[in-house]
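Student: Spelled out from the first residue to the last, the chains are:
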Amino acid sequence: SAVISQKPSRDICQRGTSLTIQCQVDSQVTMMFWYRQQPGQSLTLIATANQGSEATYESGFVIDKFPISRPNLTFSTLTVSNMSPEDSSIYLCSAISGLNTEAFFGQGTRLTVV
Amino acid sequence: GIQVEQSPPDLILQEGANSTLRCNFSDSVNNLQWFHQNPWGQLINLFYIPSGTKQNGRLSATTVATERYSLLYISSSQTTDSGVYFCAVEEAGTYKYIFGTGTRLKVLA
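Sequences listed follow chains L and D, in order. The working numbering numbers the first residue of the first sequence as 2 and each following residue consecutively. The working numbering numbers the first residue of the second sequence as 5 and each following residue consecutively.
Errors might be hidden in some of the hints.
What follows is a list of derived Cβ distance ranges for each label pair [claimed, not checked]: (1) R16/L x Y52/D: 38 to 46 Å; (2) G20/D x T80/L: 19 to 27 Å; (3) G99/L x S30/D: 24 to 32 Å; (4) P86/L x S11/D: 25 to 33 Å; (5) P9/L x N60/D: 27 to 35 Å; (6) E59/L x P12/D: 41 to 49 Å.
Stretch-level coverage of chain D by chain L, calculated; a stretch enters the list once three of its residues show a Cβ under 8 Å from a Cβ in chain L [claimed, not checked]: (7) 28 to 37; (8) 46 to 54; (9) 94 to 102.
In short, the hints are calculated from the structure, not lab data. The beta carbon of each residue, even a glycine, is placed where N, CA and C say it ideally should be.
Make a model of the complete structure from these sequences and hints.
Tutor: Below is the structure:
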């Protein structure tokens, strides 16, 4: 299994600002992903974080709003840019180790935009 | 894309009761997982179960991939079982997990 640490665990931000969320995995993993969970909703995949190259975004998500980096096999960041109250959600990092395809998740970042 | 539906959407139980949660998916998948999201938002891995049956204490799960459904059984429920249960399926060939709609469980003392 993989242990995934996210920070910050929560934040309250002013609209128009940006927040960068960090995700650190305790071992080398094959795949890393970012999900969003809006209040009372299920999880929606934002993008696949690709090591050393641009992330692959799902329909409805764009790089200008959610820039993602993955400089190595164990670390990734997600930035939520030019935030509005509609961006208030839990953002979760996920990783798959490649031994099988079981997905593990960080504890999430609870973001409130005021 | 794959559609993943869970039922029931909400469930209230008395402590000690048993329950069955269902997950239906619309297309062939590589793998399926069940998660419990606790009140703090943490996703806890319950089962990694592409097919067959697994048991872990009071919980068990069965996936029938050919019929595109999975069941999660909770026996002798406890108040700590409260939270939201999600199934998630891995889209064939992508490593991406698509989450179901969730079942919100509340267990009353």
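Student: Run every hint past the structure and note whether it holds.
Tutor: Hints, verified against the model:
1. For R16/L and Y52/D, the Cβ-Cβ distance of about 40 Å falls inside the hinted range of 38 to 46 Å, so the restraint holds.
2. As the Cβ distance of G20/D to T80/L is approximately 47 Å, the hint placing it in 19 to 27 Å is violated.
3. Here the CB-CB span from G99/L to S30/D is close to 27 Å, well matched to the stated 24 to 32 Å.
4. The supplied range of 25 to 33 Å is met by P86/L and S11/D, whose beta-carbon atoms lie about 32 Å from each other.
5. For P9/L and N60/D, the Cβ-Cβ distance of about 32 Å falls inside the hinted range of 27 to 35 Å, so the restraint holds.
6. A hinted range of 41 to 49 Å is violated for the C-beta pair E59/L and P12/D, which are about 28 Å apart.
7. Look at the stretch 28 to 37 of chain D against chain L: 3 of its residues bring a Cβ nearer than 8 Å to a Cβ of that chain, three or more, so the hint holds.
8. Under the rule that three or more residues need a Cβ within less than 8 Å of chain L, the assignment of the stretch 46 to 54 of chain D holds, with 4 such residues.
9. Counting residues of the stretch 94 to 102 of chain D whose C-beta sits closer than 8 Å to any C-beta of chain L gives 5, which meets the bar of three, so the coverage hint holds.
In this structure, the earlier hints numbered 2 and 6 are contradicted, and the remaining ones agree with it.
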